[in-house]
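Kindly produce the complete structure, drawing on both the sequences and the hints.
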Amino acid sequence: MIWAFIFRAMLGLHQYKKNYSGRTILQVDHLQLSPGIYWVKGENGAGKTTLFKSIAGLIPFEGRIEVNGISLRKQRSAYTKIVSFAEAEPVYPGFLSGSELLNFYKQTKGGKTPAMQALAKSLSVEGYLPNKVATYSSGMLKKLSLLLAFTGKPAWILLDEPFITLDVDAVAALHTIIMQQHRQGVSFLISSHQALALHEPYRCLHVHQQTIHPEPYVAGAL
Amino acid sequence: MWQVLSKIFIRSFYKANAGFFLFFFFLFFGAVQGSSLVQYHLSLMTSFLQSPVVLLLVFCCWLLYHLKCTAFVFNVINSEAGKFLVNLQTRRRGLQWRLYTVVYLALYGPVFVYGILAAFVGFRLHFVTSAVCLLVFQVLSAGAFTYAIHYRLNHWLEAFRFPTISLPFPKSSLLFVFYYFTTERKSLLLALKAFSITLLYLILVWNKGRYDNDAFLFFYLVLLLAHAAIPYFSVKFWEQQFAVHRNMPVALAKRALWFLVPYGLLLLPEAGYLFYAADAFSVEHKLAYCINLVANLALLTAILYSEAQHRDEYLKACFGLVFVSIFFLHVQAFWFWIVVQSAMAVLLFVNGYYRFEKAED
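From first to last, the protein sequence lines are chains A and B.
Residue numbers for the first sequence follow the working numbering, beginning at -1 and rising by one.
Residue numbers for the second sequence follow the working numbering, beginning at 138 and rising by one.
Bear in mind the hints are in silico, worked out from the structure with no lab data behind them.
There is no bait here: all hints are sound.
Lysine-lysine pairs mimicking DSBU-like chemistry, simulated, CA-CA at most 35 Å apart: (1) B:Lys330 - A:Lys130; (2) A:Lys151 - B:Lys373; (3) A:Lys130 - B:Lys391; (4) A:Lys72 - B:Lys495; (5) A:Lys110 - B:Lys308; (6) B:Lys144 - B:Lys495.
Shown next, in the form of C-alpha cells:
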C-alpha cells in the first residue's frame, strides 16, 4: 500500500517565497515535480541549500510545499515521515554515538534494522557506529548523515552536496544506493557541482536568478 | 603576538560572556543605591573575612570562575580556529610565561582585583589570617591555572579533557538536553548548581535565625535569573547542534517534552535542597516554588522561540519576567502565576516554534 503511494509521490511548491532580511532569495510560483531523480544545479549562493532546507521543513517560508497533497505546514509529522534530508555539512551532538542517532531516527522515521545494516555496510560506516560522533572525521560524519537520510520509508530524499568529503569508494557506493532506492520508488533531489554518474536518466533543475528553471532534457543513463 | 592573543582569548571571552558579566555587575553594583555601595561591599567583605566557612564558599565560587576561564581558553585551543597556536611553543619559555600570565590575569582580572581589595580590607580590619589566605589563594590559583594553559600549549599530543559522565541506560531523546549539559556544558552546570545551592544555603541555613521572607524572595529570584542560561543553551543545542531534528516526524507536544523533562531533572538539586532545608515553608509552598522554576524556564524557552533569540533581547525578557514574578510571588499567588506562565509558554511555543529560524551569530 505504502509503496503504491510512494511510486506516485509528486512534490509541489506553490507560491513559495523565501526572504532573508527583506531580500528575496528564492521565489517559485508553481513547480510540480513528478517522481524521479533531479540534479539541482546553481552557482554558490544561488539558494540550493535554502530550497532543500525549506522542503525538509528546517526553515520557515511563505507559500505551500506538499508531497501528494500532504502539506508540510498542515500535516508536518506525516510529511516529514516521507521526506528525508542530508545536510551538506552535517552537525550532530558530539555526545551521541552513530548507533544512538540511528536508533533515534529508526524510532521516529521507522524502518527495518536489516535494511539499515545493509546500507551501513555499503557505506562502510558500521565499524564506527558505536563511537561518539565527536570522534568522527568530516567524511565519516557525511556518511552517517547519508545513512540517516535513508532511514525509514521516504518518498523523497534531499541530498545537499552528498559527494563532498566522501572517498572514491563511498562515492561509487552512494551512486549505487541511489539507483537501488530509485528502482524501489524513492525520488531524489541532489545538489552537486559535478554531474551525477548514474546509470539511470535524471532531470536537471537550475536554481538561478532567485527562482528554479526546470531544464527540458533528460540527462544521465551512462 | 600580544594583539593576536588578546583578540582570540580576551576580547572573545568578554564578548561571549557579556550576559554573565552584566548579571554579576547588576548583582554587585546595581542592586544597591550608589551612596551605600561602599558600605555594602565592606560588609560583604567583612562577612567572608570573619567566617572561615563563608570564606571557603567564596573560594569555591572563585575556583568555579577559574574553571570557566580555563575551560574557555582550552576550548579555543582545541578548536579548529585555535590550531595555529601550536606555533607558540617555538617561543622562549620566559616570554611564553609572561604572555600567558597577562592573558590569564586579563580574564581572571575582575575576581583578582576584588580579592586583592578584600585582602587589603582584611589587613586594615585586623583579619590577618583571612587576608593572608586570600592573597595566597589568588596568587597560587592564578599561577596554577596559568601553568595549566602553558602546559596545554606545550603538550599538543596530550589534550586534557574534563571527565564525562556515562549513564548506564540508552540515551532517550527526552534526555538529550540533559546529556548536553552534563557532557558539553559541565562547567556551566557545575557553577550554576554551586551558585544556587550556596544562595539557598545562605538564606535557609546560614541566615536561619534571622529568616525574612522578602530576603528569601530576592535570593530565589536571583537563582531563577541565573537559571535563565539553561533555556538559552537548550534552544541553542537543538537549533545549532541538531538542526536536522526539524526534519523528524515528531509531534509538537513531544518536542516540548524535549525541554521540560531535562529542566525538571536539572532543577532536582535545588528542589531537593529546598525540601530538605526550608523548614519555614509548608510542603505546598515548597512544591509551588519548585514548579514555578520549571514553569519559568518553559516560558523563557517559548520566549526564545518567539523572536527573542538574541542574547540582549533575551536578557531583557529575563529581567522583565523576574520583575513581574516579584509581584505574584510576594503576594504568594504561586499557583495562579504558574498557570499564567504555563499558558503563555504554550501559546508562544505553539505560535513560534515552526516560525523560528536560527539567526546568524
